[in-house]
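Those protein sequences? They're chains A and B, same order as listed. At position 78 of the first sequence (counting the first as 1) the number is 78 in my numbering, and the numbers step up by one without a gap. At position 157 of the second sequence (counting the first as 1) the number is 467 in my numbering, and the numbers step up by one without a gap.
Hints should not be assumed to be uniformly reliable.
[To be verified] The calculated DMTMM-like cross-link candidates involving lysine to aspartate or glutamate, where the alpha carbons are at most 20 Å apart (straight line), are: (1) K609/B to E659/B; (2) K118/A to D647/B; (3) K536/B to D132/A.
[Claimed, not checked] Partial chain B-side listing against chain A, Cβ under 10 Å, derived: (4) Y498; (5) Y552; (6) Q667.
These aren't lab readings, by the way, just hints derived from the structure by calculation. All residues carry an ideal CB built from backbone N, CA and C; glycine is no exception.
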Amino acid sequence: MDLSAINPVILIASLMAAATPILLAATGELVVEKSGVLNLGVEGMMITGAICGFAAAVETGSPALGFVAAALGGAALSLIFGFLTQVLMSNQVATGLALTLFGLGLSALIGQGYVGIKPPGTAALNLGPLSDIPVIGRILFSHDLMVYLSLALVAGVWAGLRYTRAGLVLRAVGENHDAAHALGYKVVRLRLAAIAFGGAMAGLGGAYLSLVRVPQWTEGMTAGAGWIALAIVVFASWKAPRVLLGAYLFGGVAVLQLNLQAAGLAVPVEVLSMSPYLVTILVLVIMSADRSRAAINAPASLGRRFHASS
Amino acid sequence: MKLTSILAGAALALGLAGAATAQDKTKVGFVFVGPIGDGGWTYEHNQGRLAVEEEFGDAVETIYQENVPEGADAERVLTQMALSGADLIFTTSFGYMDPTINVAQKFPDVKFEHATGYKRADNVGTYSARFYEGRAVQGHIAGKLTESNIIGYIASFPIPEVIRGINSAYIHAKKANPDVEFKVIWAYTWFDPAKEADAAQALIEQGADVILQHTDSTAPQAAAEKAGDVYTFGQASDMAEYAPMPRVSSIIDNWAPYYIDRVQAVIDGTWESDDTWDGIGPGMVGIGEISSAVPEDVKAEALALKEAIANGDYHPFTGPLNKQDGTAWLAEGETADDGTLLGMNFYVEGLTGSIPQ
Chain A
1 MDLSAINPVI LIASLMAAAT PILLAATGEL VVEKSGVLNL GVEGMMITGA ICGFAAAVET
61 GSPALGFVAA ALGGAALSLI FGFLTQVLMS NQVATGLALT LFGLGLSALI GQGYVGIKPP
121 GTAALNLGPL SDIPVIGRIL FSHDLMVYLS LALVAGVWAG LRYTRAGLVL RAVGENHDAA
181 HALGYKVVRL RLAAIAFGGA MAGLGGAYLS LVRVPQWTEG MTAGAGWIAL AIVVFASWKA
241 PRVLLGAYLF GGVAVLQLNL QAAGLAVPVE VLSMSPYLVT ILVLVIMSAD RSRAAINAPA
301 SLGRRFHASS
Chain B
311 MKLTSILAGA ALALGLAGAA TAQDKTKVGF VFVGPIGDGG WTYEHNQGRL AVEEEFGDAV
371 ETIYQENVPE GADAERVLTQ MALSGADLIF TTSFGYMDPT INVAQKFPDV KFEHATGYKR
431 ADNVGTYSAR FYEGRAVQGH IAGKLTESNI IGYIASFPIP EVIRGINSAY IHAKKANPDV
491 EFKVIWAYTW FDPAKEADAA QALIEQGADV ILQHTDSTAP QAAAEKAGDV YTFGQASDMA
551 EYAPMPRVSS IIDNWAPYYI DRVQAVIDGT WESDDTWDGI GPGMVGIGEI SSAVPEDVKA
611 EALALKEAIA NGDYHPFTGP LNKQDGTAWL AEGETADDGT LLGMNFYVEG LTGSIPQ
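Build the full structure now, drawing on both the sequences and the hints.
Okay, here's the thing in structure tokens:
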């Protein structure tokens, strides 16, 4: 075994790229859950975003338009969920699961003609001399635009929820929708907006997979990333900075296990392959060990139905 | 894929009306492990299917199903195909071995052909290609091209076919360049572009400047292209869209002649269960064009090696060779027998790491 072959600087740089899809999706889901809605359809929205973005990028030749289309596709799909749960008041858990299954099927259908095609390349952002700074340059200034955008979005969501009036209203709706309604806030409209935002973010995450990380379209290519994103929101106890931490932790373990294998670590490959999931479970258990605190952090109205008459 | 199965179901529902026409047509089924657009393994099997259609025209009808998981689910797909009237079914991945045998027992009149396996029955034949012959040529080019002396290898499952490939590539890379070192990642998948891309990325980060893959997608090629100065080889299919860099050559599986041959045998009523294992010589394994990124002298050596293997002058597993633990395997001039190769479960001397059990 030769652990010196693993360069920590490059490892950190590649874990940032590896974590970007789940980071985007988890940040979106955070906003959705903060508004009191539990959307389990993240996986379905991600994969739909992946194919919408891929198709748009291939047809137009522009990765930027691809990402826009991915966000729109994810948002459109999420609004089906929004309509069913907010207007028709269906069960959120069941509807979310159905959305995942629907998204997987829909994306396979749209993707029929796009298998085996190369998408237009997304160039790394050229930050000139900044990228040449040792260590920091490689970690911070050598990525593509989407990595920075994902970080900006996390920061934006954090600041938005904490310091703005809109964020306060959103949190109020999530904590107690009856009180918020009594105060005259449009609960359903706000939640629909949050759901659409979550869908757009999941779509972006999916497109990052199909346009930058792989880059290729394959059925089911998100391979469970949406579920990881859901777990990370709980792991983060509904706080944006911890979402970042959780996503990078998961991405880090996923990248590290491949590197350890290549370095010839004498640990069974099966154990290494399941390690990202084991770490996720472990952290979830530790985080929720203190039941009273976990309950305080969760939005009080999470997953509950709202109707103005009740 | 879905449409085909719906149509097959509909045809079945029509019942006797269809039976009359079905009798004069020979129906050939194909079970694929990935999508036909994977650009690799399944793509080439599908090319073979299309060649069958072209050859026989209206006399033959082909059906296929993509993305069939290896294991119990495959039995369901196979049963459905057999029920829908298939006369001959090709199951094109190692993991379909037991399902093929199980379903074949239930349908003694249907002929089955299983790729890369070793279990046979009266109505189950096996076929495979000597990919390790192509791996030898790859290994030679890789050993000559590498400057970091580190060659990365994305392996799929620890089965003899994959281990043979690693050994063969390593032996010939070592001959071309005594300092060469192999880093192997077991992906435990035939087809998962995201994972293959990550594995390629990890190998590149650890200094590999040549990546060999035994997985089916083009994702590692894309990762190497992004890295810039990394060489790759097309796997199963030519993957020429990545030539001349990073893809410098490839192993191409050419199943068409075999498929046509076997379908003909079924039509003639001469089909018998057998075991076919052909290599470069008969044309089942092709070497894709060696691109301009390879120096002329290396290209000439590689082609000479290919020629020697094709006409039987040289066997890629020729002694003296030791096993990884240092015990003697082949004496000077001795060549490996097919039995050992088919069950190969050890690395040759010089490879580091262990094969997952």
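The hints, checked one at a time:
| no. | hint | verdict |
| --- | --- | --- |
| 1 | K609/B to E659/B | violated (27 Å) |
| 2 | K118/A to D647/B | violated (42 Å) |
| 3 | K536/B to D132/A | holds (19 Å) |
| 4 | Y498 | holds (6 Å) |
| 5 | Y552 | holds (9 Å) |
| 6 | Q667 | holds (8 Å) |
Comparing the model with each numbered hint stated earlier shows that hints 1 and 2 do not hold.
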